[in-house]
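**Student:** Single-letter residue listing:
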Amino acid sequence: MKRSRVITLDANEAVASVAHRASEVIAIYPITPASTMGEWCDEWSAKGHANLWGQVPRVVEMQSEAGAAGAAHGALQTGALTTTFTASQGLLLMLPDMLKIAGELTSFCMHVAARTLATHALSIFCDHSDVMTARTTGFAMLCSNSVQEAQDLAAVAHAATLRARVPFAHFFDGFRTSHEVSTIEALSDDDLRALFDADAIAAHRARALDPERPVLRGTAQNPDVFFQAREAANPFYDALPAIVRATMERFADLTGRRYDLFEYAGHAEAERVVVLMGSGAETVHETVDHLVAAGERVGVVKVRLFRPFDMRAMVAALPATVRRIAVLDRTKEPGAPCDPLHLDVLAAVDEAEAAGFAPWASRPRVVGGRYGLSSKEFTPAMVRAIFDELAREAPRNRFTVGIEDDVTHRSIAYDPTWEVEGAGVTRAVFFGLGSDGTVGSNKNTVKIVGEETDAHTQGYFVYDSRKSGAVTVSHLRFSPAPIRSAYKLRSAGFVACHQPVLLERMNVLDMAAPGATFLLNAPWSPETTWAMLPDEARSIIRERDVRCVVIDAQRIADEVGLGGHISTVMQACFFALSGVLPRTLALEKIRAAAKKSFSKRGEEIVRRNIAAIDRAVAGMRQIVVPEGDAPSRPRAPSVAREAPDFVQRVTAVMLEGLGDALPVSAFPVDGTWPVGTAQWERRSLAQSLPMWDDAVCIQCNKCSIVCPHAAIRTTLFDPAKVTEVPDAMPHAAWKGDDHPGARYVVQVAPDDCTGCGLCVAACPAKDKRNPRHKALDMVPAAERKAVERPRWDFVRALPPPDRKRVHLDVKGSQLFEPLFEFSGACSGCGETPYIQLVTQLFGDRAVVANATGCSSIFGANLPTTPYRANGDGRGPAWSNSLFEDNAEFGLGMRLGLDTHHGQAVAGVRALASTIGDTLAAALLAADTSTEEGIAAQRARVGALRAVLRANDTSAGRALDLVADHLVPRSLWIIGGDGWAYDIGYGGLDHVLASGANVNVLVLDTEVYSNTGGQQSKSTPLGAAARYASAGKETRKKDLGLLAMTYGHVYVASVALGAKDAHTVKAFVEAERWNGPSLIIAYSHCVAHGYDMAFGLEQQRLAVDAGVWPLYRFDPAKVSLGESPLHLDAPPPKIRAKDYMEREGRFRMVALSDPRRYEGFVRATERNAADRRSLYEQLAAVHVTAKKTGEPT
Amino acid sequence: MNLTTNYLGLTLAHPLMPGASPMVDDLDTVRRLEDAGASAIVMHSLFAEQVEAEQLAAQRHIHDLGGFNAEAPGWFPDAGVFALGVDAYLEQIRKIREAVAVPVIASLNGASPGPWIDWARRFEEAGAHAVELNLYALSTDAAVDAGHVEAMQRTVVEAVTSSVKLPVAVKLSPFYSSLPSFLRAIEGAGAKGAVLFNRFYQPDIDPESLSLSRSLHLSDASELPLRLRWLAVASPTSPLSLACSGGVHEPLDVVKALMAGAHAVQSVSALLKRGPDHLRVLLEGLRAWMDAHEYARIDDLRGSMNHARCPDPSAYERANYVKLLQGWHPGEG
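For the protein sequence lines, the chains are A and B, in the order given. Under the working numbering, residues 1 to 1192 are what the first sequence spells out, in order. Under the working numbering, residues 1 to 333 are what the second sequence spells out, in order.
Chain A on its own, in the form it takes in the complex (with noise of 0.2 Å):
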């Protein structure tokens, strides 16, 4: 039978378990991949769970994790057992508080899912450089390397801080530990209370800050005496190796798992062994397993206890035959003489020569590699060529594994093709995207064949970067030995394509091992199947002799009520081919998880998922593979074939999934990227296009300002191009006064919308005769794509209109080009709109500052980049620092820029003489405030390079590189709430401040949405969230408010569902205020919990409601003696209960708790209210008008 007590989870879950027994403070901050620990534990304590000692646990969340350590620090100060979650970037935020909790010698222990650390661009994978930052702090550092071990040391850590003193940085792979599912034995609640040593839990309580025995910690000391108390708490780290040895025993003793400090595995006599910490450390043991029993003599020692490095420990882990040594370190330490890891091991091997507790005859040869950055995979393959490369009589020194340097050639060669997995294992992959709930299913898979059977499992799920229509890989193992595999799968016998369209989009068969199963969910017959598959697929299945099923999962979904959603299906249909239990087993225990999992959802759903079950293994088909050969089927290029160069070279590349193929010279040295490459990607994601019926559009423009992809165009053209217009194209005459006599064309770009209908919704016009019927309606893509391409193409090659000539209102800014387009943001985000009107009116001239969050995910997160540049080569530069720092980012670039405007001005008045003084009055004086006035200072600037030209001079030349900065450039900094209202909030105070000329566009989608929907100082009072569980119980934060306090910052509130001609006047109005300006914007996001066609809707009830305000406080209306403050709404219409109860986040508090609900309306309602009141007084301040010059 099954072993006892395991369950199936990840190591977030199983770590957060453990912290949350064992903790009474949890100070959380969220961030990728370690939000989900603090998520679990504010679950827990909400539903009240007690830990260890019968307490329910406080959990807070912070506006950091600078917030969050400093929190811990106080909490530990008074003796509570306090803990935290972090990783990169968090880690080092927290890092100034580790240092003091260190060094007051204080018992805590904090868990860090290990991530790459931001340089030449973000990573939210895993790697060891965030932990190797922390290695100075004085925390111990304890490594797991896998979902098992995470949960066990992260007990053994808790129990052996409290003993020690010395607080605890246990650490391990994020996402591929943190986020693998695995079947582990649990930790029971007495297990866990046996590890802690109630004295020390005593003694670290009787340590705390307590006015009836009052102490002082944190003095300033000074050189007198400084160094000697820092080495006062030596004692400690000299006795900690053996604590956490003691611990680990005593683990042992309580259940059985044995860990070290260093542990070995391999061959008793080996001469060649490898040395590293963390999930690689499995890779090599599975490797090294493999080669031992082929007769090599090689060997790893696994890392557990980083800080302190026990030097003996280490020595004595390795066997005295040892004669090459291979330190890894998975972090890059550039311009050090050897990586962390591989020097703390020089530093062993030489203490133990020098102290003479060397057990080998003669010094080993030690060298160090690097591996694994960014979670690159790392397989035996690689392991084989470092064991390899030990054998070579010179090996390399400060080599990499795993990429192709072909810059300065560091890297070695492997064999990819090389593997050690063995025939027991159950290998299956399932390609889905992220909205059609395979991740989920297969998880749950593995629940079932790890708690059913006695299989040890292995779940990995790799997604690809977009938001809309991501890709994910699940990658699942079944074996009756434990799972070593800390990679990806090679090759599977099951295969399964959830969506027909990845076929096109990938070689999803490409793994598929000899005489696999193919399971593909496509709406087409058994007879039908084959002449659809593409060229490859068709070649690999008959090479490999493939059995390929078919289901239409679609509609048996369709047709139960699951709306679609194929996940039940296509996992009753896995359980039926895969043969990892008996079928009839099999169906018997999906039904009851079904019944489990979906219980709590209601009768109606278990029915629905259950009838989902029984059809899908009636459903499944046979494909009938022809004697013959069908039409030839190659699969698209997965980027336009007249796409530039490096769009071939690379972004194509990396679309195909082929990135890590790419060597070093591939790319920019310092992460600079070119813009406007999304466009060459067609990704056809829309299940339904927009159609134009020229006869009912009133030319409003309404659909594009709130196309979230800039997939729909307005654009007018030269009536002399008509003949050239594809064939039936509808245009219309243009309406507007601005353009007479041209022709305006309302135009979907088939390949990038992603259907979401937001314009449809927008779309004001209606046919009189038939009101269902609108300018614009939604109608199936598959019927419109190959109408709609060919103008497509027409509109896409077409002239912007002349920017000169256009209004800045709704209308007219949608006919100016957008330079922001095809991200890979949400179908219906309500982001994305703000930042593409951004670049109409401002895109030629604007340098953003973007906080990173979702903006810079759909922003910049490659392969592609949907900023791009105008027909004359201009458009937004752009650039991500930090999340904490983007308001100063931007104030720097603030800086930067003004100052060259300044070198410029000088340069044109030194050299007025030369210039001609009419020029240089001219260049000067310009007004530059208006579209006119900018394309005439260009015009300017264009003559005075060309005078300079005319008279090279060195003076010429410095004015040369600066005079573009005599066209104004447009600052903004944007980011969303996480940044405005949290984490950057100091910051941004700061540069409001300042008075410099800033646009801080705050993008509110009121959580933060990146990380999964974690409460925010924005989230609205009673909204469910992650960290707020049963509605948050504080109101918003008045942003907007704040900032009017300065008198000197533009401030406006907007929501473009709402009133758009508003939206469109505060961001002219804004950018043209000589000072700083802050637009918060109303933005919907699917975090709400509803269906995003309704965001639109759902701000205009917000407005309406009154909770989503509506004002303008133009600084500028002083001088004229006016009030500032300008409300643009009216006061609310409708209850906030009918705005309240058609979103997500509000409908589970009310289904939850209808009263505390009813609670939280009455108090919206009341704030609204309030907040009204307080706004119309302010509106009626009569302000006295400063004089000019005059100091705000």
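None of these hints come from the bench; they were simulated from the model. Be aware that one or more of the hints could be misleading.
[Unchecked claim] Taking lysine-lysine and the DSSO-like style, the derived pairs with C-alpha atoms no more than 30 Å apart in a straight line are:
1. A:Lys1137 - B:Lys273
2. A:Lys596 - B:Lys95
3. B:Lys95 - A:Lys47
4. A:Lys1059 - A:Lys735
5. B:Lys95 - A:Lys595
[Claimed, not checked] Part of the chain B face toward chain A, derived, beta carbon under 8 Å:
6. Glu54
7. Ala57
8. Gln59
9. His61
10. Phe68
11. Pro73
12. Phe76
13. Val86
14. Pro115
15. Leu210
These figures come from a predicted structure and were not determined experimentally. Backbone N, C-alpha and C define an ideal beta-carbon position, used for all residues, glycine too.
We have chain A already, so just place chain B on it with the hints.
**Tutor:** Quick look at chain B alone, frame taken from chain A:
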């Protein structure tokens, strides 16, 4: 004076009770209703279509979007924090049972057979004394005839009544070709009572925006006569307990409903407008009127003006309409 009435087999202190509405979501209001004299508490209707939609929405937004992308494993807390639909309603039944001494009538609303039928059994387990089954059918399909609709409704009633020991009252719309026949059908399907009538959201046209709006207006006294007519018609022949619902605002309305044959009289709009204490006004008004008119028992009043006993039954019949038109003839003035 004896105001007791038997409704659905329950002996109630008097016929007056709040009708199904969101008033009872708040326990303080429930207590105020009992203090004002309510003889039973009718809970708001658990709407099958809405509950299923909520469940599907939760499934979509919590479960299906789980695993959406690498950074966001979903957007909402899960792990059973939320009790969707039925559980919260059951909990409310328990709370109301604890809060008041009078019987609690749980209410559910569904159009066609489905898993929701089982909710009645769970109402019973949670302590409800009776079930009010709110039938509604809005057929827009010309291929579906009235017989089919009524047969399906009968099936629903039978499914509910056979799943519980509790008495079941069926709340109906006024739109039946032969209401007496349908009352007989639901009685055959096991119903113990009928509530006449339901009120519906009505669409309105906005000619400016070319859109529809939906609203539910509170009732007024003009809606009472429709109830009176059908109570009067059903009262002599139907063995069902009859409740009047809709248009009861003043004490005299209560008197009329009883005279037409009601065993119970429900009020919602008047209580929503004037507060729960208005129930006491209705009750005291009824008592005063009966006292003034020397009725000692509700049973003396009940049905006294029904189709069988009223002086001019034709007034309840089709001729009623003709006569009125004739009465308006200028020649007779």
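**Student:** For each hint, tell me whether it holds in the structure or not.
**Tutor:** Status of each hint after checking the structure:
1. At most 30 Å may separate the alpha-carbon atoms for a hinted pair to count; Lys1137 (chain A) and Lys273 (chain B) meet this at roughly 19 Å.
2. Distance hint between Lys596 (chain A) and Lys95 (chain B) is fulfilled; the C-alpha atoms sit about 27 Å from each other, no more than 30 Å.
3. A threshold of 30 Å between alpha carbons decides the hint, and for Lys95 (chain B) with Lys47 (chain A) the separation of about 20 Å falls inside it, so the pair holds.
4. For the suggested pair Lys1059 (chain A) and Lys735 (chain A), the alpha carbons sit about 22 Å apart, so the restraint of at most 30 Å is met.
5. Using a Cα cut-off of 30 Å, the hinted pair Lys95 (chain B) and Lys595 (chain A) holds, with the two alpha carbons roughly 28 Å apart.
6. Interface restraint check: Glu54 (chain B) against chain A, minimum CB-CB distance 7 Å, threshold 8 Å, status holds.
7. Contact between Ala57 (chain B) and chain A, as hinted, is supported at the beta carbon level, the nearest pair being about 6 Å apart and thus within 8 Å.
8. Interface restraint check for Gln59 (chain B): the shortest CB-CB distance to chain A comes to about 5 Å, inside 8 Å, so the restraint holds.
9. Hint on His61 (chain B) holds. Least Cβ distance to chain A is approximately 5 Å, under the 8 Å limit.
10. Using the Cβ-Cβ criterion of 8 Å, the hint placing Phe68 (chain B) at the interface with chain A is satisfied: the shortest such distance is roughly 5 Å.
11. The criterion of a C-beta within 8 Å of any C-beta in chain A is met by Pro73 (chain B), whose closest approach is roughly 6 Å, and the hint holds.
12. The interface hint given for Phe76 (chain B) is met, as the beta carbon of that residue sits about 6 Å from the closest beta carbon of chain A, less than 8 Å.
13. The interface hint given for Val86 (chain B) holds, since its Cβ lies 7 Å from the closest Cβ of chain A, which is under the 8 Å cut-off.
14. Taken as an interface hint, Pro115 (chain B) checks out: its beta carbon lies about 4 Å from the nearest beta carbon of chain A, inside 8 Å.
15. Hint status for Leu210 (chain B) relative to chain A: holds, with the closest Cβ pair at about 4 Å, below 8 Å.
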